[in-house]
Amino acid sequence: MLFSVLPEFKRKWLKKNRLVTAGIGIGVLISALGVSWLWGDDILRHNLDPKVPFQTYKRPPAPDYRTKAAWFLNPALDGYEVRRNRNHQKVDVFFVHATSFDGGKDWLGPITDPAAAAEVIRTQLPNYAAPFATIGYVYAPKYRQASLYSQLTQREDAREARQFAYEDIAAAFDAFLMQRRNDRGFVVVGIEQGGFLVQRLVQERIGSDAALKSRLVAAYFIETLVTAEDYAPDTAFPACANRAQSSCVVAYLSVDSGRPDKALQAQRRAMIWGRGDIIEPMDKIKALCVNPLTGGATQDMIEARHSLGAANATGLEWGASPGLISRKTSARCRGEILYVSKPSGDSFVTSGSWSDKKKIRNYNLFYGDLQADIAERWFNYQFQKTR
45 MLFSVLPEFK RKWLKKNRLV TAGIGIGVLI SALGVSWLWG DDILRHNLDP KVPFQTYKRP
105 PAPDYRTKAA WFLNPALDGY EVRRNRNHQK VDVFFVHATS FDGGKDWLGP ITDPAAAAEV
165 IRTQLPNYAA PFATIGYVYA PKYRQASLYS QLTQREDARE ARQFAYEDIA AAFDAFLMQR
225 RNDRGFVVVG IEQGGFLVQR LVQERIGSDA ALKSRLVAAY FIETLVTAED YAPDTAFPAC
285 ANRAQSSCVV AYLSVDSGRP DKALQAQRRA MIWGRGDIIE PMDKIKALCV NPLTGGATQD
345 MIEARHSLGA ANATGLEWGA SPGLISRKTS ARCRGEILYV SKPSGDSFVT SGSWSDKKKI
405 RNYNLFYGDL QADIAERWFN YQFQKTR
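Numbering (my numbering), first residue to last: 45 to 431.
A few of these clues could be false.
As the list claims (entries may be wrong) - Okay, derived cross-link-like pairs now, BS3-like style, lysine-lysine, Cα gap no bigger than 27 Å in a straight line:
hint	residue 1	residue 2
1	Lys95	Lys149
2	Lys102	Lys112
3	Lys401	Lys306
4	Lys372	Lys306
5	Lys95	Lys372
Keep in mind the hints are simulated off the structure, nothing from the lab.
Work out the full structure, taking the sequences as your base and the hints as a guide.
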């Protein structure tokens, strides 16, 4: 009798323990997902922390802007166009790329880092530099960029890394002035980290030089928060009011409509250049928002029918034109942030790793609009100079 009962008891015991084991496994999984949701960002950010003071950190070698190796694009050096004579019908474009270097043990990305360079060539140049190439020659320097981690924290070491990156941009701009083909106007364009660095260039280097000031067709600080009062109507380079205006500034930082959390994160992380070229938190200082659909600073909703074309040009060779999807993107400056809608489809989905999703979008919602914007400003700049 006893032996007949044992198998049944064993089956019940095993079944009960399997349920307990499964329950424990599910609990562990839920806990892990909870930890990932609550602290995943912090854990991944921590892994990118160099964990060494910037003052004792060994910097990568400086670029030599007299050589091809220091540029992604430079028609004066690398011969991406055969013609070498000066072309007085086109404008020169100084383009500073966004963050492409993750970091880890480094505060600064060496210009020889293959992954960082590949991201600029594959994604940033075709999506963000190419709209300006239809009207001018693009000069895109490599520089010892501050790492992705430096963009995600307000630590003093991170600020010093960003200050250091400006030194390369200032040196590259001097080389650009020496090497550029045209005697007349030029444009400066900065994306994200590049926009942060270029705004100092405009304020400090260009604004203080009468000759350079008269030749600046426009400045574009794309996906960048800048202080609105620096570009008030009575300043050297005011915020653009419309596309008929030149010698003005276009600046915006965009987030998807319905994601105010993203806007709040961006505002909390935003930094500005303070007195003595010290980087400080933006805090409650008002930022500038110029709507790229119209090229003017306005709080009005600009409907999708005004959009000249979003594009995903990632992977295209330099000079190839992407297909534009027009009349699908609306945009509105609400306060200091540009809230945007975007076309549906796989082309406009941010993909990749956690770090990839913290960087600039791999598509440009305003490709066609920026293309038209610079063309009209260049035309009006030339017209005003010949009057």
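(request) Please work out if Lys401 and Lys306 have their alpha carbons no farther apart than 27 Å. (result) Judged against 27 Å, a Cα distance of about 12 Å means the pair holds.
(message) Just to be careful, I want the Cα atoms of Lys95 and Lys372 compared with a cutoff of 27 Å; is the pair within it?
(response) This hinted pair is violated, its Cα atoms lying about 44 Å apart.
(message) Does Lys112 sit within 27 Å of Lys102, going by the straight-line distance between their CA atoms?
(response) 24 Å, holds
(message) Between the alpha carbons of Lys95 and Lys149, is the straight-line distance 27 Å or under?
(response) With Cα atoms ~7 Å apart, Lys95 and Lys149 stay inside 27 Å; holds.
(message) Against the 27 Å threshold, does the CA-CA distance of Lys372 and Lys306 hold or violate the hint?
(response) Judged against 27 Å, a Cα distance of about 22 Å means the pair holds.
Violation of the numbered hints given earlier is confined to hint 5; every other hint is satisfied by the structure.
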